[in-house]
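Heads up: the sequence shown begins at 1 in full-length UniProt numbering, then just goes up one per residue.
Just so you know, the hints here were simulated from the structure itself, not pulled from any lab data.
Quantities reported herein were computed from a predicted structural model and do not represent experimental measurements.
Hints may be right or wrong, so weigh each one.
[What the hints assert, rightly or not] Ranges between beta-carbon positions, derived for each pair:
#, residue 1, residue 2, range
1, 242, 180, 30 to 38 Å
2, 242, 194, 22 to 30 Å
3, 222, 251, 19 to 27 Å
4, 210, 172, 39 to 47 Å
C-beta atoms are modelled at their ideal positions from N, C-alpha and C, and glycine is treated no differently.
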Amino acid sequence: MSLDRLVALAGQAGPVTVAGLSHGRVAGLSGPRRGEGGDLYDLRPFIDGDDPRLVDPAASARSGRPQLRRRHEEVERSVLLIVDFRAPMFWGTRGRFRSVAAAEAAALEGWVCVRAGGRVGLAIIRDDGIDRLPARPREAAMLEIAGTLARTHEEAMDAAPAAVSLSERLGQIAGRLPSGMAVLLATGLDDPGDGFFDMATDLMRRNPFEILLVQDAVETAPPPGRFAARIGDVLSRGRFGVSPTAAVLSERGIAARIVRAEADEVLPV
Numbered sequence: 001m002s003l004d005r006l007v008a009l010a011g012q013a014g015p016v017t018v019a020g021l022s023h024g025r026v027a028g029l030s031g032p033r034r035g036e037g038g039d040l041y042d043l044r045p046f047i048d049g050d051d052p053r054l055v056d057p058a059a060s061a062r063s064g065r066p067q068l069r070r071r072h073e074e075v076e077r078s079v080l081l082i083v084d085f086r087a088p089m090f091w092g093t094r095g096r097f098r099s100v101a102a103a104e105a106a107a108l109e110g111w112v113c114v115r116a117g118g119r120v121g122l123a124i125i126r127d128d129g130i131d132r133l134p135a136r137p138r139e140a141a142m143l144e145i146a147g148t149l150a151r152t153h154e155e156a157m158d159a160a161p162a163a164v165s166l167s168e169r170l171g172q173i174a175g176r177l178p179s180g181m182a183v184l185l186a187t188g189l190d191d192p193g194d195g196f197f198d199m200a201t202d203l204m205r206r207n208p209f210e211i212l213l214v215q216d217a218v219e220t221a222p223p224p225g226r227f228a229a230r231i232g233d234v235l236s237r238g239r240f241g242v243s244p245t246a247a248v249l250s251e252r253g254i255a256a257r258i259v260r261a262e263a264d265e266v267l268p269v
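Please put together the full structure from these sequences, using the hints given.
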């Protein structure tokens with residue numbers, strides 16, 4: 001993976017206007033402007049990644065723990081990029097590894113968000129844990145995200161693989177998400193695990209959620225014929241078939257966008 005490539009993707013992300021959002025004191029607001037700052041957006045416990053300037057002293061004193069009070073004019077568009085760097089992502093038959101395609105697709109979305117004045121955070125799913133960066137605004141945040149993606153990708157390629165489901169890691173992330181924060185999950189959806197689809201459906205009730213579904217050419221247009229494959233000590237023969245993952249997500253009503261690993265990353269039309 002090239003850090004220069006992740007940074008260069010910023011050139012594709014021009015200024016974006018998000019329909020229905022206010023652009024007053026801060027850009028990219030996710031709540032409509034309703035008055036001059038007196039309309040409450042939400043009041044909830046403070047969690048990691050929140051802006052400490054929005055802590056409400058009175059509400060915090062009443063509850064005994066820090067409380068965040070936000071009004072519509074103070075709510076920035078925030079996006080959490082979740083990138084799957086588990087072992088099954090590290091392969092490709094043509095062009096990019098699926099892991100590289102996932103990182104580049106997520107990075108492009110991050111650049112679009114910060115160019116629109118929003119905040120971007122990162123969660124990298126690895127076999128042995130999760131790396132996190134809190135949501136922050138401006139291009140400096142995306143430069144840090146790009147550097148973290150490149151460094152972690154190199155480390156993950158050399159790490160010993162371990163069987164861990166996507167649902168296990170996503171559950172650890174979802175429990176700390178602020179309501180309303182958009183979530184983009186870049187993954188091939190290998191080994192989603194028990195309960196993944198129910199977890200995704202529940203997450204969609206609280207947060208805008210979309211899967212950037214990374215697929216290799218062999219998954220979308222498999223070659224004809226029979227092939228031999230060795231898995232462990234077992235040699236098997238069979239045919240490749242079209243991946244059903246996109247169809248399953250559609251049937252479940254889970255928003256997904258296909259990212260083709262063999263194609264260069266471009267903004268969706």
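Quick rundown of the hints versus the structure:
no., hint, in the structure
1, 242 to 180: 30 to 38 Å, "36 Å, holds"
2, 242 to 194: 22 to 30 Å, "24 Å, holds"
3, 222 to 251: 19 to 27 Å, "21 Å, holds"
4, 210 to 172: 39 to 47 Å, "20 Å, violated"
Checked against the numbered hints above, the structure violates only hint 4.
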